[in-house]
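Chains as they are written, first to last, in my numbering: chain A, 4 to 550; chain B, 4 to 550.
Please keep in mind that the hints were generated in silico from the structure rather than gathered at the bench. A portion of the hints provided could be inaccurate.
[Unchecked claim] Within a straight-line C-alpha distance of at most 25 Å, the following computed BS3-like cross-link-like pairs (lysine-lysine) qualify:
| id | chain 1 | residue 1 | chain 2 | residue 2 |
| --- | --- | --- | --- | --- |
| 1 | A | LYS242 | B | LYS242 |
| 2 | B | LYS477 | A | LYS8 |
| 3 | A | LYS242 | B | LYS247 |
| 4 | B | LYS477 | A | LYS247 |
| 5 | B | LYS76 | B | LYS549 |
| 6 | B | LYS8 | A | LYS340 |
| 7 | A | LYS340 | B | LYS242 |
| 8 | A | LYS8 | B | LYS292 |
| 9 | A | LYS242 | B | LYS8 |
| 10 | A | LYS340 | B | LYS549 |
| 11 | A | LYS247 | B | LYS340 |
| 12 | A | LYS340 | A | LYS76 |
2 protein chains.
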Amino acid sequence: SARQKLAEALSSQYGLNVFVAGLLLLLAWAVHASRVAKSDLLCFLTALMLLQLLWMLWYVRRSAAQRRLIRPKDTHAGARWLRGSITLFAVITIILGCLKIGYFVGYSACLSATEGVFPVAHAVHTLVQVYFLWGHAKDVIQSFKTLERFGVFHSVFTNLLLWTNSVLNESKHQLNEHKERLMTLGFGNITTELDDHTPPCNCSSPTLCSAISHGIYYLYPFNIEYQILASTMLYVLWKNIGRKVDSPQHEKIQVKLHGVTVGSALGLTVLAATIGVVVVYLVQIGRSKTRSESALTMFYLYAIALLLLMAAAGLMGTLLYRLDEQSLDESKNPARKLDMDLLVGTASGSWFLSWGSILAILCAESRPSYTWYNLPYSILVIAEKYIQNLFIIESTHREPELSEDIRTLRVVTVCNGCATPLAASYLKGGAGGVASLGSEVPPANCGSMCLRGGGGGGKEEGTGRPRFLQGDAKRRILRNIAAFLFLCNISLWIPPAFGCRPEYDNGLEEIVFGFEPWIIAVNLAMPFSIFYRMHAAASLFEVYCKI
Amino acid sequence: SARQKLAEALSSQYGLNVFVAGLLLLLAWAVHASRVAKSDLLCFLTALMLLQLLWMLWYVRRSAAQRRLIRPKDTHAGARWLRGSITLFAVITIILGCLKIGYFVGYSACLSATEGVFPVAHAVHTLVQVYFLWGHAKDVIQSFKTLERFGVFHSVFTNLLLWTNSVLNESKHQLNEHKERLMTLGFGNITTELDDHTPPCNCSSPTLCSAISHGIYYLYPFNIEYQILASTMLYVLWKNIGRKVDSPQHEKIQVKLHGVTVGSALGLTVLAATIGVVVVYLVQIGRSKTRSESALTMFYLYAIALLLLMAAAGLMGTLLYRLDEQSLDESKNPARKLDMDLLVGTASGSWFLSWGSILAILCAESRPSYTWYNLPYSILVIAEKYIQNLFIIESTHREPELSEDIRTLRVVTVCNGCATPLAASYLKGGAGGVASLGSEVPPANCGSMCLRGGGGGGKEEGTGRPRFLQGDAKRRILRNIAAFLFLCNISLWIPPAFGCRPEYDNGLEEIVFGFEPWIIAVNLAMPFSIFYRMHAAASLFEVYCKI
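All chains, please: the whole structure from these sequences, using the hints.
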């Protein structure tokens, strides 16, 4: 209706303004604008969180009061595994909050009170928000839309701002570590001032404080994932407001673990190997010039091998899908559309960095031998994401396949149904006609068998296809590929999230582009690149459950 | 089908990679990366343009060969006035190309050959592209989709890169002017090196060269608009590939000029006044400290008055729409959706700058009196865009209203039709039922009258509404508002496009955020802010024609 369009525009513009104002505060803090202190920023964030808390409590209360009403649900939104993983990340975020409170107590002599209030507010906010998402992520809100829209969009952008804040903190930390390494290596001339390193007073118990500040930086990556996950779930909730839900199908996603030994064994090996490589890298880098170079070489060689494997697996999966022209699941689905846009959008972040590396290698004046590995690495990063996105998009748009025996049953049903008048539209309309029967039959298979049974001269598709690729065998291969890629993506999330960033340590790009511009570019693009890995893993998990 | 989803993902990822690689080259040039010269960038852009040229020629040839086939068209895409304005901008772009060739000839001693090849290639590209858009902007491509998708997306991102390139050139020019002003005012300490100012040799005829380089910078804003307009039209073409067009309605948009004397007179006054203010501003600014301050004060006061007027007009328009609950035009329409997203998205650019100004005023240590005008100005910029977007979104989602006599005719037709079986669904389904009748009747009006005639107890809406606001009178007011806002937006496009940028000259933000960060922020956000004005004007023109 007319009101709805206006409410949508009103709330999205409000949300954007909140976000932009927050970004400005973050920018002001990052560039050390005069008279903008960290406490101003934290006050602003705390106020946003409190506002969101109030709204969530109001919403939960109101929907509890209306429990008798039947409310439509979007079965695609807020899948159980998604809520499970957000809970896991939320628990780590709360632990992080406790550590921050401990840190504040240690340095309480010189930190402003807001640095103590903020983690407390954040922990409460996290608790309530996870409760809210468990209960209401699937809601399709149909009444009082304006206020709900404002609340949901406020929540989306509050989480995005908290994400940006975490990312900025993490970037500053990474940059400080990088500068320390450069100083150790004797490159003190580039720039040596450390930024927000430690508060300007002594901790009441120094060993505890240093342990806490180490702990904080190992937990940050999980907090970052939590914030972005929460905002995507809230965004889907926003998109669903006032939507007409077509059919309340109950898709039960179940994790089938049999028959994926190869894929998961390979994947777990990769996971273990990656953790090993990252540990060696972090120990070696910055100790001395030769040890840094050997660490970089090791990382590049390992990553090249892994990316090759992943690209091959993704390509094989896509080709397997190409073999049969099954119709697509065309139903409207905001959750899926957002997932696909995020995959392609966030991949751009890492493409940006990779093209930067390629350009730097082509333009560099002197190229030490280890920098040459950077070229195939960067090209493979681009190609692997390209192929993997194709595989995921192809998979998520397929209708879930049924196992062989159920399919036979269905085919019999439909063939019997050919005698009824409905069959006319089915034979004419193809896929569309079958959908109108309301069953979940994969149309292509049914079509050919039905026609064959009825003696029709339909196209005999699939005759040239090798027998072993059909049905369960094909499905098992695809499931292995999905499991392997899932574990690989989790593996590749680890290095950049925990400080193994060859884009910093490589040195080549910094010389070509200059230290400042390249560091800014990395700090802007890296969060998206890290998010891509986690998001691709989530999408692959969904693909795996569906196959 | 399955192939389509894959082709979409393939082409969008290809396009993003081209764009990201181009951005990297631009960044490398902007930060003076070692061994990346301007000629590398121009080579890359020329190659992209040639590739697009080849594709366009192939497409035009192929569709000429298939002229007998009936091809569906999207009547919403590529409206005539849109093609008209793109032609106007293209002509100016070609003139700009000629000036650049002249500039190259003048400085040919020290410029590389690519600087001469690029404008020639660009002029040819512009000519062919405008021809292509005239003939094919409305196409809904249904065959050979993969190649077409690649071609169209390549074109979209080629134009976006050309846009970015122009924007970068323009920003450098503005920054140089700003630095020159600062030097005149004695602030030589901030930074004094001019960037890419003039080639390192003498022109063969100095007066001609200086005239040309002045001319170039007055024509740049039009070139920038041309590029972005072309990419949006091509993007709509891409979105339309493989789409099923619902109904080939022939919407004839006609410009009705009677009854808008007040709105257009006010608007033209504003346009004239703005040009006057900009000229005075450009003459005064940077001459001396007091003259700069008086120029800034004048600009702020004028802008505050104008923005207040515009916000009031927008608010009045939105409220007038609120008065009747007419149903919305819900048909799928990629062109419109893109327009709305662009409006809200590009407004964010100027919101970012405005929040920056607000923050700067709040945090500044000393505030000269003229900077206080910046606060209401910034708040009004935010509010005015907020309201104007609401007005445009509200308007474009209305079905076109019919004039009083046609409407009466239609009502009679439908009321007679109530006797037919179709009426049952109409009475039940409300708006949806009417749409299925296939006519363009505004459902709310028809509904109440029809029910009244049939003796039904329907809601008697509109009884409390003053009579003079109905029908033609209301329409005339709305049309006046649209005309006024259209001219105001064109007026407000002029100051930032032609170098009247108080964000630079004001000095306050530069002190709070630091010179470099603020200049980078302005240079990133300003292009979107400028684009917003032109785009809002285009949308308002469409609104005006529809009312």
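Here is how each hint holds up against the structure:
1. Only pairs whose Cα atoms come within 25 Å are accepted, and A:LYS242 paired with B:LYS242 is accepted, the gap being roughly 20 Å.
2. Restraint check for B:LYS477 and A:LYS8: the C-alpha separation of about 21 Å stays at or below 25 Å, so the hint holds.
3. Proximity of A:LYS242 to B:LYS247 is assessed by CA-CA distance (about 24 Å); at most 25 Å being required, the pair is judged to hold.
4. Of the supplied pair hints, the one linking B:LYS477 and A:LYS247 is violated, its CA atoms being roughly 33 Å apart against a limit of 25 Å.
5. Annotation: proposed proximity of B:LYS76 to B:LYS549 holds, straight-line Cα distance about 20 Å (limit 25 Å).
6. Of the pairs offered as hints, the one joining B:LYS8 and A:LYS340 holds, with about 12 Å between alpha carbons and a cut-off of 25 Å not exceeded.
7. Between A:LYS340 and B:LYS242 the alpha-carbon distance is near 15 Å, which keeps this suggested pair within the 25 Å criterion.
8. At roughly 49 Å between alpha-carbon atoms, A:LYS8 and B:LYS292 are farther apart than 25 Å, so this suggested pair is violated.
9. Proposed proximity of A:LYS242 and B:LYS8 is supported: the alpha carbons are some 22 Å apart, at most 25 Å.
10. Under the criterion of a C-alpha separation no larger than 25 Å, the hint pairing A:LYS340 with B:LYS549 is inconsistent with the structure, at around 32 Å.
11. Restraint check for A:LYS247 and B:LYS340: satisfied, since their Cα atoms lie roughly 19 Å apart, inside the 25 Å limit.
12. Proximity of A:LYS340 to A:LYS76 is assessed by CA-CA distance (about 17 Å); at most 25 Å being required, the pair is judged to hold.
The structure shown violates the earlier hints numbered 4, 8 and 10.
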